[in-house]
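Chemist: Numbering (our numbering), first residue to last: 27 to 282.
It cannot be assumed that every hint is accurate.
To be verified - Only pairs whose alpha carbons sit at most 27 angstroms apart, straight line, appear in this in silico DSSO-like list of lysine-lysine:
#1 159 with 239
#2 149 with 170
#3 247 with 159
#4 208 with 246
#5 77 with 229
#6 105 with 37
#7 230 with 77
#8 105 with 239
#9 37 with 173
#10 37 with 254
#11 159 with 208
#12 141 with 166
#13 77 with 52
#14 77 with 37
#15 105 with 87
#16 159 with 105
#17 71 with 229
#18 159 with 230
#19 37 with 159
#20 87 with 230
What the hints assert, rightly or not - Pair by pair, the computed Cβ-Cβ distance ranges are:
#21 49 with 275: 47 to 55 angstroms
#22 92 with 118: 44 to 52 angstroms
#23 189 with 115: 37 to 45 angstroms
#24 115 with 59: 40 to 48 angstroms
#25 173 with 46: 49 to 57 angstroms
#26 45 with 144: 42 to 50 angstroms
#27 244 with 149: 37 to 45 angstroms
#28 51 with 181: 43 to 51 angstroms
Please keep in mind that the hints were generated in silico from the structure rather than gathered at the bench.
For each residue, glycine too, the CB sits at the ideal point set by N, CA and C.
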Amino acid sequence: EQGFDPIFLQKSWFEILWNPMPDDHKTMLDTQFRCPSIISDFVSKAFYESKYFAGSGMENKQPILPNFNSTMTFIDTSKIYPSFEQSRITDGRTEVLGNEVETTIIIETLMNFIKELPYLADKNEIGIIVPYKNHVLEVKRTIKKLKLDIGNLNVEDLVASVDSYQGQERDVIIFAFTRSNKGGNIGFLADWRRLNVAITRTKKQLIMVGSLKTLTMDNKKEHESEFKQAMRILEAELRATDSIIDGSNFINGANK
Numbered sequence: 027e028q029g030f031d032p033i034f035l036q037k038s039w040f041e042i043l044w045n046p047m048p049d050d051h052k053t054m055l056d057t058q059f060r061c062p063s064i065i066s067d068f069v070s071k072a073f074y075e076s077k078y079f080a081g082s083g084m085e086n087k088q089p090i091l092p093n094f095n096s097t098m099t100f101i102d103t104s105k106i107y108p109s110f111e112q113s114r115i116t117d118g119r120t121e122v123l124g125n126e127v128e129t130t131i132i133i134e135t136l137m138n139f140i141k142e143l144p145y146l147a148d149k150n151e152i153g154i155i156v157p158y159k160n161h162v163l164e165v166k167r168t169i170k171k172l173k174l175d176i177g178n179l180n181v182e183d184l185v186a187s188v189d190s191y192q193g194q195e196r197d198v199i200i201f202a203f204t205r206s207n208k209g210g211n212i213g214f215l216a217d218w219r220r221l222n223v224a225i226t227r228t229k230k231q232l233i234m235v236g237s238l239k240t241l242t243m244d245n246k247k248e249h250e251s252e253f254k255q256a257m258r259i260l261e262a263e264l265r266a267t268d269s270i271i272d273g274s275n276f277i278n279g280a281n282k
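Please work from the sequences and hints to get the whole structure.
Modeler: Here it is as structure tokens:
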């Protein structure tokens, strides 16, 4: 309406500059020195044609707690019924409101980390990343409602969207996918750059929460196919290290 090119709603200014640039004017910063190598190895395989590498020492990072088999762990809600997102149709589009099952698991995981490793709260070394604004608000409301003892953590800084965490890092990152539905629809999660930013914020331990069934389902939507293939690669990596945890364990524990 104000005369701006719609391309700016789809691509960053960096991408617009990058694509037409001659190859001899481009350099890729291809080595990371933050997260465990298993995470960047997945990112490399899924999105960078295996041309993204972990720096020296990243392969030596170990799980932060003994009950995890890997520094990259997934809590799967696929076997929980119902575990679907809450949503509504607004102006002809789906508005995601939250995911109560994932919120419960997030909070159970958060409190377990604080109990076992109090320094995470003392030194602000734990972060919760949720892709949808309404789900961010749901997690914050629940923490406040339950009056949880989260030490020195500020709930407003603790829980945030992907974009808010860009450029930041924490020892532990809990990332929730939110989307869980019969059709395997993932919406703007299909933009793999959000996933890339979210999971590479961690320095020691990444915990992902979501429905692998939804995330890997082939729903015949072409614009979601690249992300779905990446999720199948992720599932294979997780199974190779026995790092998929049944989310029912967390829900049952929360209801006791």
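Chemist: Work down the list of hints and note, for each, if the structure agrees.
Modeler: Now the hints, each set against the structure:
no., hint, verdict
1, 159 with 239, "23 angstroms, holds"
2, 149 with 170, "20 angstroms, holds"
3, 247 with 159, "24 angstroms, holds"
4, 208 with 246, "14 angstroms, holds"
5, 77 with 229, "21 angstroms, holds"
6, 105 with 37, "36 angstroms, violated"
7, 230 with 77, "22 angstroms, holds"
8, 105 with 239, "9 angstroms, holds"
9, 37 with 173, "41 angstroms, violated"
10, 37 with 254, "21 angstroms, holds"
11, 159 with 208, "22 angstroms, holds"
12, 141 with 166, "19 angstroms, holds"
13, 77 with 52, "15 angstroms, holds"
14, 77 with 37, "22 angstroms, holds"
15, 105 with 87, "30 angstroms, violated"
16, 159 with 105, "26 angstroms, holds"
17, 71 with 229, "20 angstroms, holds"
18, 159 with 230, "26 angstroms, holds"
19, 37 with 159, "20 angstroms, holds"
20, 87 with 230, "7 angstroms, holds"
21, 49 with 275: 47 to 55 angstroms, "50 angstroms, holds"
22, 92 with 118: 44 to 52 angstroms, "49 angstroms, holds"
23, 189 with 115: 37 to 45 angstroms, "25 angstroms, violated"
24, 115 with 59: 40 to 48 angstroms, "45 angstroms, holds"
25, 173 with 46: 49 to 57 angstroms, "54 angstroms, holds"
26, 45 with 144: 42 to 50 angstroms, "47 angstroms, holds"
27, 244 with 149: 37 to 45 angstroms, "43 angstroms, holds"
28, 51 with 181: 43 to 51 angstroms, "45 angstroms, holds"
Against the hints set out earlier in the document, violations occur for numbers 6, 9, 15, 23.
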